[in-house]
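Undergrad: Could you put together the complete structure from these sequences and hints?
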Amino acid sequence: MKKSVIFSALTIAGLSASAAAAGTLDDVKARGKLNCGVTTGLVGFAAPNADGRWEGFDVAVCRAVAVATLGDENAVEFVPTTGKTRFTALASGEIDMLARNTTWTLSRDADLKFTFVGVNYYDGQGFMAPKDLGVASAKDLDGATVCIQTGTTTELNLADFFRSNNISYEPVPIETNAEAQQQYLAGACDVFTTDASGLAATRATFENPADHVLLPEIVSKEPLGPLVRHGDSEWGDIVRWSLNAMITAEELGITSANAAEMSAGTNNPEINRLLGSEGTLGEMLGLSADWAKNIIMTQGNYGEVFENNIGENTAIGLSRGLNSQWTDGGLIYSPPFR
Amino acid sequence: MTIMTEPPKEAFRLSMLINDTRYRSLTFQAIAAIALALIIFYLANNVATNLAKLGLNIDFSFLGAQAGYDINQTLIPYSSQSTNLSAAFVGILNTLLVAFLACITATIFGVLAGVLRLSNNWLVRKLMSFYVEIFRNIPVLIWILMIYGVMTISLSGPKAYLGAEPSKELFLGLFAFTNRGIYVPAPIWGPGSMVVVVTFILSVIAVIAYRRYATNLLYRTGKLLPTGLPTIAILLIPTIFMFFVMGQPIGLDLPDPLANRFNLRGGLQIGAPLIAIWFALSIYTGAFIAENVRAGIQAVSKGQTEAAAALGLRSARIMSLVVLPQALRVIIPPLISQYLNITKNSSLAILVGYADVTATLGGITLNQTGRAIECILLLMLFYLIISLTISSVINVYNNSIKLKER
Amino acid sequence: MVDSTKSVAFVRTEDAPSLPPPSSAAGPVKWLRENLFATPANAILTVLSLIAIYLLLRDFLPWLLNGVWNSDSLAGCREVLQGATGGCFAVLTERWNQLLFGFTYPTDLYWRPTVAFALFFLAAAPVLFFDLPRKLLIFTALFPFIAYYLIWGGSIWTPILSLVGIIVGYIVYSRLVVSSFAAGFFGAILAAVIVWIVGGSFVPDGFAVEGSMRSVPSRDLGGFMLNMMLGVTCVSLSVPIGIALALGRQSSMPLIKFVCVIFIEFIRGVPLITLLFVASVMLAYFFPPEATVDLFLRVVIMITLFSAAYIAEVVRGGLAALPKGQYEAGDSLGLDYPQAMRLIILPQALKISIPGIVNIAVGLFKDTVLVSVISMFDLIGMIRGPIPASPDWNGVYWELFGFASVLFFICCYGISQYSQWLERRLATDHR
Chain A
1 MKKSVIFSAL
11 TIAGLSASAA
21 AAGTLDDVKA
31 RGKLNCGVTT
41 GLVGFAAPNA
51 DGRWEGFDVA
61 VCRAVAVATL
71 GDENAVEFVP
81 TTGKTRFTAL
91 ASGEIDMLAR
101 NTTWTLSRDA
111 DLKFTFVGVN
121 YYDGQGFMAP
131 KDLGVASAKD
141 LDGATVCIQT
151 GTTTELNLAD
161 FFRSNNISYE
171 PVPIETNAEA
181 QQQYLAGACD
191 VFTTDASGLA
201 ATRATFENPA
211 DHVLLPEIVS
221 KEPLGPLVRH
231 GDSEWGDIVR
241 WSLNAMITAE
251 ELGITSANAA
261 EMSAGTNNPE
271 INRLLGSEGT
281 LGEMLGLSAD
291 WAKNIIMTQG
301 NYGEVFENNI
311 GENTAIGLSR
321 GLNSQWTDGG
331 LIYSPPFR
Chain B
1 MTIMTEPPKE
11 AFRLSMLIND
21 TRYRSLTFQA
31 IAAIALALII
41 FYLANNVATN
51 LAKLGLNIDF
61 SFLGAQAGYD
71 INQTLIPYSS
81 QSTNLSAAFV
91 GILNTLLVAF
101 LACITATIFG
111 VLAGVLRLSN
121 NWLVRKLMSF
131 YVEIFRNIPV
141 LIWILMIYGV
151 MTISLSGPKA
161 YLGAEPSKEL
171 FLGLFAFTNR
181 GIYVPAPIWG
191 PGSMVVVVTF
201 ILSVIAVIAY
211 RRYATNLLYR
221 TGKLLPTGLP
231 TIAILLIPTI
241 FMFFVMGQPI
251 GLDLPDPLAN
261 RFNLRGGLQI
271 GAPLIAIWFA
281 LSIYTGAFIA
291 ENVRAGIQAV
301 SKGQTEAAAA
311 LGLRSARIMS
321 LVVLPQALRV
331 IIPPLISQYL
341 NITKNSSLAI
351 LVGYADVTAT
361 LGGITLNQTG
371 RAIECILLLM
381 LFYLIISLTI
391 SSVINVYNNS
401 IKLKER
Chain C
1 MVDSTKSVAF
11 VRTEDAPSLP
21 PPSSAAGPVK
31 WLRENLFATP
41 ANAILTVLSL
51 IAIYLLLRDF
61 LPWLLNGVWN
71 SDSLAGCREV
81 LQGATGGCFA
91 VLTERWNQLL
101 FGFTYPTDLY
111 WRPTVAFALF
121 FLAAAPVLFF
131 DLPRKLLIFT
141 ALFPFIAYYL
151 IWGGSIWTPI
161 LSLVGIIVGY
171 IVYSRLVVSS
181 FAAGFFGAIL
191 AAVIVWIVGG
201 SFVPDGFAVE
211 GSMRSVPSRD
221 LGGFMLNMML
231 GVTCVSLSVP
241 IGIALALGRQ
251 SSMPLIKFVC
261 VIFIEFIRGV
271 PLITLLFVAS
281 VMLAYFFPPE
291 ATVDLFLRVV
301 IMITLFSAAY
311 IAEVVRGGLA
321 ALPKGQYEAG
331 DSLGLDYPQA
341 MRLIILPQAL
351 KISIPGIVNI
361 AVGLFKDTVL
371 VSVISMFDLI
381 GMIRGPIPAS
391 PDWNGVYWEL
401 FGFASVLFFI
411 CCYGISQYSQ
421 WLERRLATDH
431 R
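Protein chains in written order, with my numbering: chain A, 1 to 338; chain B, 1 to 406; chain C, 1 to 431.
If you are wondering where the hints come from, they were derived from the structure by calculation, not from laboratory data.
Quick caveat: nothing in here was measured; it's all calculated off a predicted structure.
Every residue, glycine too, gets a C-beta built ideally from N, C-alpha and C.
It is possible that some hints are incorrect.
Unchecked claim - Output of the computed footprint for chain C on chain B, the stretches with three or more beta carbons under 8 Å from beta carbons of chain C:
{"hint": "1", "region": "86–98"}
{"hint": "2", "region": "168–182"}
{"hint": "3", "region": "286–293"}
{"hint": "4", "region": "304–310"}
{"hint": "5", "region": "387–393"}
As the list claims (entries may be wrong) - What the simulated footprint calls covered on chain C by chain A, stretch by stretch (three residues with Cβ under 8 Å from a Cβ of chain A suffice, anywhere in the stretch; the number is not a length):
{"hint": "6", "region": "275–288"}
{"hint": "7", "region": "327–333"}
TA: Right under this line is the structure:
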């Protein structure tokens, strides 16, 4: 008999998290926490630090949405998801949004019924090989053994690339980055393939990073971005514009340092609209007027987030490349705030 | 609770549903049936509501769609343009292969360790106890990962064997041991090779017949025929003879260090993932089987051994004629359930990159299509079929060895 | 020549001191001969074993003895080692807390699970050792509530309310069971549920804040603590369910028997990992649309069902091993089914099954590491996820797995030694 009480108590604990309301925004507000799905750990994008606090590029998006909706960057419950569990977690309502380097594809949009609200990182699948292998191009890899980190679109891109170049390979699917790295370093595979950003992050932690090269081919388009469920467009709007606010802030030169000052009012009407000193944009989204200002003050603009987490001054050392602002020849472009 | 006298005919009253043992079980079952139906309805309704709300549906048509990914070990023809269904079949065959291989080697490890644990040799006994305890008390997942890791770092990459001046020679000129797999020569079947094969099969049959004849002769007349040398002779001489008569039709395809700059080509490659999961499952389950074997041998009453000794049997004969046949009765049922465990534990194969059914259907296919419910239902169905097949074997066996009481 | 003056022949008045046995038949040499080199085959085995031991230790010992225990990153370790073989055990000294408690459990609250862990031994003792005073079982009954409160925190009213519900249920049960077991059983459940519902609405929100400890969501549990909790919770929950299933499987009612058989065979037929996939990707669809049940609870449900099916088979073995006379004796005393089961059959059947149940418990405890596959950060989850994902410790592998192996070995070996002791203790046959 005594055993059953654990169950009931747990049920109380488990179910207490639930709340029935019409929209996701109301759910989040009622709960006081945003449930945000992230990876189980990818340096630079989402990983807990030594104190257990989640940090990273994707984490910043979660925190931005939490700031916009709840006004507190710590009001986020980070839910680690794997490649298998992420879509069910989102579909079943366990998480409110997914910010987990997930590639935007048609089938995920139409078949799995998710809405990608934008792109926060333009990635592509690349290859890493030891320098002494003497490979200059991925097209030289005929007959090579390839370690693949499973769980994204990697396997499919790889198969397409080798098939279209009419060369053969031996795939070794590996579940975690740590194990893939071990196999690669021990020579159990010739090349390691995953998203180029992940490769750079992995190589940065090697004992001798200079002994390894990233091959020039990028074999796929991987627009990674946050996504939400179909059927709640209001919530989708909030996530979309939280991301866009960070992007626009960089474009307009608003940083975490000068946001407070600028919010007092400037000559640029778009800055004023973004920071809430003019117009009613926040109200239209169902948020406070200073929602975007809060995001920028706590998380910084897109450029700051990039530099702090994965930029050239971090261990990962990614250059902006495609992820520069459109004004600098990149693809990062936000629709206007008006 | 039978009623001895003729029961008086009673009129049926409603209270009899509870108080009368004849009706009570019906009442309970009716209540249980209703409760069960309600629970099932509730769950099904929840699923339907949830899926409808999300605009999803249960749909198995993804099985016919192109899989789009490659698999490193395929026992049936498969390419990335094949369907998800054939990817699942590749996975199923891989699961069955590794489970089958691991069952055999686990039995060998287990019987060896189990017998050696009862050895007179102190060191061997302790060593075997150490083996059994350390494998039984650490999770199989840790063992699989560690064994794969040890294999990866202790064997060299194929690079050492490659090129015109390799740093390592092929073992006996035939084998290469790398951390991507073991390369062994593969036979090339030339014309006329069938004759050699058929000769060999016939020789095997002849050996069996000869041994049976020798045993019969021994039992009938007490005359002992030699078996060792004639067996080897019957087995090999005709085959070798035919091999040369037919003009050496069977050749060997050796691993070739020069054909490719990344890997050895040619021969038969047994991939490192297969070896790792095979070895890990065998040695892990071997520890459990060793315990079953030991328990089985110890369960045979000491009087049996003494009786056999009193009859003048030598100790090897005591083991093979008296102890083992009785111990098997105890050993085999748990042994088969260990085989079941091997099959189920093989679902961890993805940890070493082996493409079993959990890795294809329940892994990459699930990831790519997002059809979680369908994939997992199919996965469970497959394991269920395998397990039920093995369990029914256990039941048949249990019935056949039941002590016939007279 | 005999000297005549000394006519008395030499007569020994005391025994000569017995010579020590030849060195080959005594002491270490004898032991070596008998135990290591009795026959040529035996000698070969010994030599082979020595070679095996040498090979095992050759690489392992330097790694262990040369290990670096003080460093703040793998790079630091490599600097200290200067290319020599040696483990980087500094990762253990720096991250031990994450390995044991997970990375999100609040650091200042570590004392709570630690206290719960210590109390667990106190609570488990009377269950494991029959000689202890039976009164200690009261503490065992209270332990789940205390542990729940310690680990999760939150309002103290949750555990108190559950406890009150159970107590009321128990009182109702002991009143009603005299007339009928079914009445007692269902009455107890009804009473407990009524108390929970009524009590739940009575306890005002204000109270919830008072007397509450900081609450920790179950998502923040991790590390070895998570393995322990899953193991303990699921085993203790699954024992009663397993017994019920075993009885159901033996039942004479075809429907009940059918359902139990299907359930047991289904669960035993699929690997635990697929059930965990069900917990992580499917179970969410089975709950009402507005509810989200957290992953910990879903996993507990699936693992409990899993181990219940295995325990049911063990208990069934125990039931089958009882002589038929015991059942008939119960009938002849005029006991009804619940009485016969409670008073005669189950006490004996469970006694036979205890070693089997302990084995299942060990297996289940080991299997809890599979939750790492569904993105829970248990001990193995930490080892494969966040720790190597941090830039400082990227590339550490063997040290962490070695640590996990040692922890699991200590726990499981301890339990299996207990099980063997128990088996000897309970042995009633005379061989």
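Undergrad: For each hint, tell me whether it holds in the structure or not.
TA: For each hint, the structure was consulted:
{"no.": "1", "hint": "86–98", "in the structure": "violated (count 0)"}
{"no.": "2", "hint": "168–182", "in the structure": "violated (count 0)"}
{"no.": "3", "hint": "286–293", "in the structure": "violated (count 0)"}
{"no.": "4", "hint": "304–310", "in the structure": "violated (count 0)"}
{"no.": "5", "hint": "387–393", "in the structure": "holds (count 3)"}
{"no.": "6", "hint": "275–288", "in the structure": "holds (count 6)"}
{"no.": "7", "hint": "327–333", "in the structure": "violated (count 0)"}
The structure shown violates the earlier hints numbered 1, 2, 3, 4 and 7.
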